[in-house]
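Colleague: Let the sequences and hints guide you as you build the complete structure.
Protein chains in written order, with the working numbering: chain A, 21 to 279; chain B, 118 to 451; chain C, 9 to 284.
Hints in this document: simulated from the structure, not taken from any laboratory. Using N, Cα and C, we set each Cβ at its ideal position, and we do this for glycine too. One should not assume that every hint holds.
Unchecked claim - Calculated from the model, a selection of chain A residues having no Cβ within reach of chain B, i.e. all distances over 10 Å:
| hint | residue |
| --- | --- |
| 1 | 85 |
| 2 | 169 |
| 3 | 244 |
Unchecked claim - Some, not all, of what chain A presents toward chain C, calculated at C-beta under 7 Å:
| hint | residue |
| --- | --- |
| 4 | 74 |
| 5 | 76 |
| 6 | 100 |
| 7 | 108 |
| 8 | 110 |
| 9 | 115 |
| 10 | 116 |
| 11 | 117 |
| 12 | 118 |
| 13 | 120 |
| 14 | 129 |
| 15 | 130 |
| 16 | 132 |
| 17 | 133 |
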Amino acid sequence: MSLLTVSNLAKRYRRRGRPFPAVDDVSFEVNPAETLALAGPSGSGKSTIARLVLRLIEPDAGSIEFEGADFLALSGAALRTRRARLQMVFQDPLAAFNPRATVARVLDDPLRIHGLASRTERPRRIAALLERVGLETGLAGRAIHEISGGQRQRVAIARAIATKPSLIVLDEAVSALDVSVRGQILELLLDLQRQERIAYLFISHDLGVIRAVAHRVVILEAGRIAESGDARAVIANPQSAIGKALVAATPRLHGNTAS
Amino acid sequence: MTALLSIRNLSVSYRRDGVEVAALKDISLDLEAGERLAIIGESGSGKSTLALAVASLLAGGARIGGSIEWSASQLQTSRSFAPPSVLPDISPTRGEIGSSLVGIPSATSTFGESENGSSISPQVGEMSGRTEGGAVERQPLDNRGGAPLLGRDIGFVFQDPSSSLDPVMPVGKQIAEVARTHLRLDWPNAYAKTRTLLERVRLPEATLHAYPHQLSGGQKQRVAIAAAIAAAPRLLIADEATSALDTIVQAEIVALIGQLVAEDGMTLLFISHDIALAATLAKRIAVLRHGQLVELGETSQIINAPRHAYARALLDAHLGLDAGPLLDRQGASA
Amino acid sequence: MNRLHRFFRTPEAIAGALILALLVAMALAASLLFPGDPQAIAGPALLPPFQDWSLPLGTDRLGRDVLAELFHGARTSLAVGLAAAAAALLIGTVVGTLAGFAGGLIDEVLMRITDAFQTVPGFLLALAFVSIVGPSLGVVVVAIALSAWTGPARVARAEVLSIRERDYVAGARVIGMHPIAIAFREVLPNALPPVLALSSVIVAAAILTEAALSFLGLGDPNRVTWGGMIAEGRTVLRTAPYLSIVPGIALVLTVLGVYLAGEGVVESSAVRRSLS
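Modeller: Below, the structure is given as structure tokens:
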């Protein structure tokens, strides 16, 4: 049984007075412990889908079923409780945290809100979370703006796994990182997936990264699904025009060097 | 080959909260006329500082040591189309240039350990595409004995076109300003030049009257490139010029830059964090790390046989369409 | 520590801080140095300054000690200025945050109320309020706050509108934080700096409004105020101009001090922002 089922999702914005479909009749499923990648050029609707799935914005049409229940029917306290199971990591880890926050506060919030640990127990849980994502526990007292970009993204992952979610939406979560850091973060994500059986909705414009970590891929263009399938197979042999264009545009180290 | 510019022992440091932070340490490299050199490195490697130093765009307060020497002859050719009256008084004849090293001022900026950013960057206001007014600033500049001038001798394309373009000026006028200022054209001729430039960066003529917010990121970057090459500079610097764009637009912009550079015989300094992208465009690659030049070589040599461990690590970290997968597909449930 | 250091970098900030420190010292020392009623008769009427060293600034029409009045007036000016500004900032920030964060109908209603307050000249509003309710220190504070909260409300709303679109607000929603907690824990603290930058202007305006109300006889009659002193001196302006000039100078210096210190705070926090 699938973990997340998105059916006929649609969202329109008004752009210069005219309705403009950001997401148009999109359906897909994510299975437990699976990574589904959403790929596409900017404006293809990948980030809008992420925000719809997380109920940060409301769809105009369609349904979202999460863990066997109608996710769109939830509201208020019931929605906030269910959010524990569906987490997100943003692209820019600096913008994703309150600029005044410390690492400890960022990790304390989810534990406190969902009542996962008593006040006295929380520092120990925070230390455990930091260790889980490969950070020193001494980092807890530091301000978010004092630590490096890679450390910040690890803290963001720690915050996302604090509530033991079954699905994490990763919205360009490694795009802003240096390549050497990017590899480590991807390894961490894969390790978490193996250990905790977390599924990922992995949003990226980078087919190289998608090919390295995703099981399946959905390629979007102008809010619609252009093609989908096994990530390696689709990237090796894209059928849609946009899929071909994305593959052709991905820089290659070999065979394509300047003459 | 003749070097367009020679960087010798360049060091740059900034003061931040009373602490001296070194951004570049003892960099020496030559940029050959007409070559395409990529500077790659991760954040904090100093690659952007190097680009800014070459363009004399470093913020005041930066401590600069070493020298950046420009070849006067190479700069001169770029201005040969300008009316003779605007050539510097001391302009040497062609014959002299060939043999010159002594006597002829080959525009050198030698920086002692002086903390004075402004003395080496008097034309900071003259950024391509952002010139204001013009006439007032234009007057003294041609008498500077051949020092390279941003906008005229150097075109600079920044990472974020939304902040490098003036939001309240039609983009056509922003390009025409550059042509008017540096080529001394009147407005009608500057606009005629602008139409040609828009065609060269493959934008429709209607773009002339568009404002930046009406254009997509890729279109804005094309406008920024048109403004950068408006005065037919000898050197084009692209500082992470495609990082804010998606893969497809990035490939288009990189192809465009490659074509324009080839057509005009420009020298290209391509700054990027992406080694694969740099490899598609550059003939030589310089790898920077923590402000130091760790490796410099032909693109094929760097890609196939890097000498430095860090260059190898960068290559290994690259996730291309031919890289080995990180994912253990045993556990796949799809 | 670092921040304090930055604050004291500009001479303007130092001058402002010195003036304010002097003012606070005057207000605190008033009842120590001049323990009696400042409105009691202390000597001959209309004694010019620097004649009698027991009454250094002379006496007014009724023979009251001008220096004692000046000290006790500093108390009133500071108390009213700070209390009114604090009230205005509090009302304004809460209204602005709610309007900006809630949006929709709540935003419309709150902002139309703000408009209504803003279309009436602030001083007239304060004047009308005090004349209806009757002059007392508390009423004057409320009257001034009523005329001054709209500025902070508008700034807070604009700031909140931009902050609520940031990723960290979305992040707080994703972890299941309650909207009220998001508004007051995540949004409000980050919306405050530009609102607080207004505080020096508001304190200065409040001190001036208080003086103007007192000048018109609408201040608390049981307290000495600088505005009231100027009004007193007005009747003998030709023969004893010092009676108006002395509190006038005190008023000008106070407002100047508040402005300069406020600028210093804004400058030092601006530096901090650009660094981060």
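Colleague: Hint by hint, note whether the structure agrees.
Modeller: Verification of the supplied hints:
1. Under the 10 Å C-beta cut-off, the non-interface status given to residue 85(A) relative to chain B holds; the minimum distance is some 18 Å.
2. The beta carbon of residue 169(A) is not kept farther than 10 Å from every beta carbon of chain B, the shortest such distance being approximately 7 Å.
3. In this structure residue 244(A) is separated from chain B by more than 10 Å, as the shortest Cβ-Cβ distance comes to about 16 Å.
4. Hint on residue 74(A) holds. Least Cβ distance to chain C is approximately 6 Å, under the 7 Å limit.
5. Proximity of residue 76(A) to chain C holds as hinted, the smallest CB-CB distance being about 5 Å (cut-off 7 Å).
6. Satisfaction of the interface hint for residue 100(A) is found here, the shortest Cβ-Cβ separation to chain C being roughly 4 Å, below the 7 Å cut-off.
7. A cut of 7 Å between beta carbons decides the hint on residue 108(A): the least distance to chain C is about 5 Å, and the hint holds.
8. Among the interface hints, the one on residue 110(A) holds; its C-beta lies about 5 Å from the nearest C-beta in chain C, closer than the 7 Å criterion.
9. Because the beta carbon of residue 115(A) sits about 4 Å from the nearest beta carbon in chain C, less than 7 Å, this interface hint is met.
10. Interface restraint check for residue 116(A): the shortest CB-CB distance to chain C comes to about 4 Å, inside 7 Å, so the restraint holds.
11. Taken as an interface hint, residue 117(A) checks out: its beta carbon lies about 5 Å from the nearest beta carbon of chain C, inside 7 Å.
12. Interface restraint check for residue 118(A): the shortest CB-CB distance to chain C comes to about 5 Å, inside 7 Å, so the restraint holds.
13. Using the Cβ-Cβ criterion of 7 Å, the hint placing residue 120(A) at the interface with chain C is satisfied: the shortest such distance is roughly 6 Å.
14. Annotation: interface hint on residue 129(A) holds; nearest CB of chain C at approximately 6 Å, less than 7 Å.
15. Satisfaction of the interface hint for residue 130(A) is found here, the shortest Cβ-Cβ separation to chain C being roughly 4 Å, below the 7 Å cut-off.
16. For the restraint placing residue 132(A) at the interface with chain C, the shortest Cβ-Cβ distance is roughly 10 Å, beyond the 7 Å limit, so the hint is violated.
17. A least Cβ separation of about 5 Å between residue 133(A) and chain C falls short of the 7 Å threshold, and the interface hint therefore holds.
Checked against the numbered hints listed earlier, the structure breaks hints 2 and 16; every other hint is satisfied.
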